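Peer 1: Here is how the chains run, residue by residue.
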Amino acid sequence: MSLIEVRDMKVRYGGIEALKGVSFDVEEGSIVTLIGANGAGKSTTLKTIAGLVKPVEGTITYNGEDITGLEPQKLVSKGIVLVPEGRRVFGNLSVYENLRIGAYLIKDKAQIEAQLEHVYDLFPRLKERSWQLAGTLSGGEQQMLAVGRALMAQPKVIMMDEPSLGLAPIIVRGIFDIIKKINEEGTTVLLIEQNANAALRVAHHGYVMETGNVTMEGTGQALLNDTRVREAYLGKAK
Amino acid sequence: MSKKKKNIINICLLAALFVVLFVLEQTLSGGSMLLTVLKKGAIYALIACSMNLLNGFTGLFSLGQAGFMLLGAYTYAIFTIPVEARADVYQYFDGGIIQFTLPVIVAIILAGIVAALFASLIGMPVLRLKSDYLAIATLGFAEIIRAFMMFEGLGPITNGSNLLKKFPTFSTILFPFAVAGVCIALIVMLINSSYGRAFKAIRDDEVAAEAMGVNLFKHKQTAFVISSFFAGIGGALLAMYQSTVQANAFKSAMTYEILLIVVIGGIGSITGSILASFLYIASSEWWLRFLDETAFIGSFQVPLLRSGFRMVVFSIIIMVIVLFYRQGIMGTREYSLDALLRFFKNLPAKIKSIGKKKKGEDAAASEEVQ
Chain G
1 MSLIEVRDMK VRYGGIEALK GVSFDVEEGS IVTLIGANGA GKSTTLKTIA
51 GLVKPVEGTI TYNGEDITGL EPQKLVSKGI VLVPEGRRVF GNLSVYENLR
101 IGAYLIKDKA QIEAQLEHVY DLFPRLKERS WQLAGTLSGG EQQMLAVGRA
151 LMAQPKVIMM DEPSLGLAPI IVRGIFDIIK KINEEGTTVL LIEQNANAAL
201 RVAHHGYVME TGNVTMEGTG QALLNDTRVR EAYLGKAK
Chain V
1 MSKKKKNIIN ICLLAALFVV LFVLEQTLSG GSMLLTVLKK GAIYALIACS
51 MNLLNGFTGL FSLGQAGFML LGAYTYAIFT IPVEARADVY QYFDGGIIQF
101 TLPVIVAIIL AGIVAALFAS LIGMPVLRLK SDYLAIATLG FAEIIRAFMM
151 FEGLGPITNG SNLLKKFPTF STILFPFAVA GVCIALIVML INSSYGRAFK
201 AIRDDEVAAE AMGVNLFKHK QTAFVISSFF AGIGGALLAM YQSTVQANAF
251 KSAMTYEILL IVVIGGIGSI TGSILASFLY IASSEWWLRF LDETAFIGSF
301 QVPLLRSGFR MVVFSIIIMV IVLFYRQGIM GTREYSLDAL LRFFKNLPAK
351 IKSIGKKKKG EDAAASEEVQ
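So the protein lines, in turn, are chains G and V. Oh and the first sequence: position 42 is 42 in my numbering, straight run, nothing missing. Oh and the second sequence: position 164 is 164 in my numbering, straight run, nothing missing.
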């Protein structure tokens, strides 16, 4: 049994069908990536798992338990946390306050403190700037903060929506290093990326999405070597 | 400076404020403008803070404040009119149907509870709306409440469109300051709690807050109900201040007045709201009064000065603030002893630099002339 199993998930925005029956699995302790072009339904998939969008059909199970259509706060307390697209840090709150919001559902003070230490160890930059307003951070720092904020909830599964969006290449590399590190600590990662090359390199398993369907799957390495994937997403014809 | 020392100094400052108020009250005559401004300023400070909690900290643009104040003022008045005075007050309604009185403090708290109760009822449908739509819906609610309170059928309780009077008023200026002070302290504690942090997160980014596990509706509802509770208490204090209450006075213009205070003080700053309240009340009741009176210099009548001109000046002030000074007095900053000390330390230098600048400009101007 996989940690997250998505079966035949369909989502509609008004009359438009964004997901036309998506199925995939996320194994515990792995990094799984969904790649695909704009409008393929990657973000919608993550938002649906996070409870921000309700599916019209299909089921999502987590640890064998049906979590389809649960409220976001229930899912967060179960350990499924989303790092939203475009970072979306709370610009008028300090770095520290942002992190505290991440631990909003945790009531135990000592636990929060320990987790805060952990996040500061992972991102020393955030510690230096803990009293600075999040809106004044650079893009890379904001992405660190968005990831750190999600980690404050002590997730079992962290879902990242385009973490490399709009960042300089050197910072993107840093972000992927962090993703690997988080995963090595035992957190399952579900990652969606336009930067298919980098995503497939870190991923244990990958799925290719096209216009609301999953069209291909395989290990990260296998997809990297697949000619169709290479032509369509990696921009390297043979 | 240690935190303990700071606390002690702050408490001393607060005590000094109350001593000054007490002395002022003992030395000035009852009709003194300063006392009036201080009393009304304290009440408006509480109401402005309650509105800021909603508009500035939770990001809910609500314009229902006058309605909740009305509910508070009426609740207080209805339950505190002495039984023997009821026949006179409710002369068209056979003395009304409520034939008991509550102690002042109980009635004030009840005023808050009634306002909060209505807030929780209308919050359910209304808080699903966003920005302008929420503003329109809450404004509409306030107007409905006003019309409803004047409804003749409710006369035995609300006295219809007639005045409510003869209820207890302030015996000392310290009373509104104490009540408003306690309430504002509670608001500040709420803002600094993890609830307050969640409010601010919702204001900054609803989707991200929801993704972090903040229950949007529950928190919006909490902010709305608590804000209305304090607006209700503010309304009760306002009733005490005015010594008579009539629903028709709680027009939407009253909400705009408070919104003006919140904007001048800085959206998202409690300190700003308090400062701006006293400033606004002092201006509108006292310093800018002359704008409404025709004045003569010798036999020459000063143009423009006439009844209503004050409001024109206020409109210009708000336009200037919105265009050039959007942060208001405080922005989102708050009072702290350090900042206060720094302010006074830098004050002489600042005044000097302004003087220098002026001199410099004058010099430059005279050079140009040459």
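Rather than coming from a laboratory, the hints here were simulated on the basis of the structure. Treat the hints with care, as some may be off.
Unchecked claim - Partial list, computed: chain G residues near chain V (C-beta under 7 Å):
#1 Phe90
#2 Tyr96
#3 Arg100
#4 Gly102
#5 Lys107
To be verified - Below, in silico cross-link-like pairs of lysine-lysine (DSS-like), each with a Cα-Cα straight-line distance of 27 Å or less:
#6 V:Lys3 - G:Lys127
#7 G:Lys54 - G:Lys127
#8 G:Lys127 - G:Lys156
#9 G:Lys109 - V:Lys345
#10 V:Lys251 - G:Lys109
#11 G:Lys109 - V:Lys6
#12 V:Lys166 - G:Lys107
#13 G:Lys109 - G:Lys54
#14 G:Lys156 - V:Lys4
#15 V:Lys218 - G:Lys78
Small disclaimer: the values here were computed from a predicted structure and weren't measured. A virtual CB, placed ideally from N, CA and C, is assigned to each residue, including glycine.
Peer 1: So, for every hint listed, does it hold in this structure?
Peer 2: Hints, one by one, checked against the model:
| no. | hint | verdict |
| --- | --- | --- |
| 1 | Phe90 | holds, 4 Å |
| 2 | Tyr96 | violated, 10 Å |
| 3 | Arg100 | holds, 6 Å |
| 4 | Gly102 | holds, 6 Å |
| 5 | Lys107 | violated, 9 Å |
| 6 | V:Lys3 - G:Lys127 | holds, 23 Å |
| 7 | G:Lys54 - G:Lys127 | violated, 37 Å |
| 8 | G:Lys127 - G:Lys156 | holds, 24 Å |
| 9 | G:Lys109 - V:Lys345 | violated, 39 Å |
| 10 | V:Lys251 - G:Lys109 | violated, 46 Å |
| 11 | G:Lys109 - V:Lys6 | holds, 26 Å |
| 12 | V:Lys166 - G:Lys107 | violated, 50 Å |
| 13 | G:Lys109 - G:Lys54 | violated, 33 Å |
| 14 | G:Lys156 - V:Lys4 | violated, 42 Å |
| 15 | V:Lys218 - G:Lys78 | holds, 19 Å |
Checked against the numbered hints above, the structure breaks hints 2, 5, 7, 9, 10, 12, 13, 14 and satisfies the rest.
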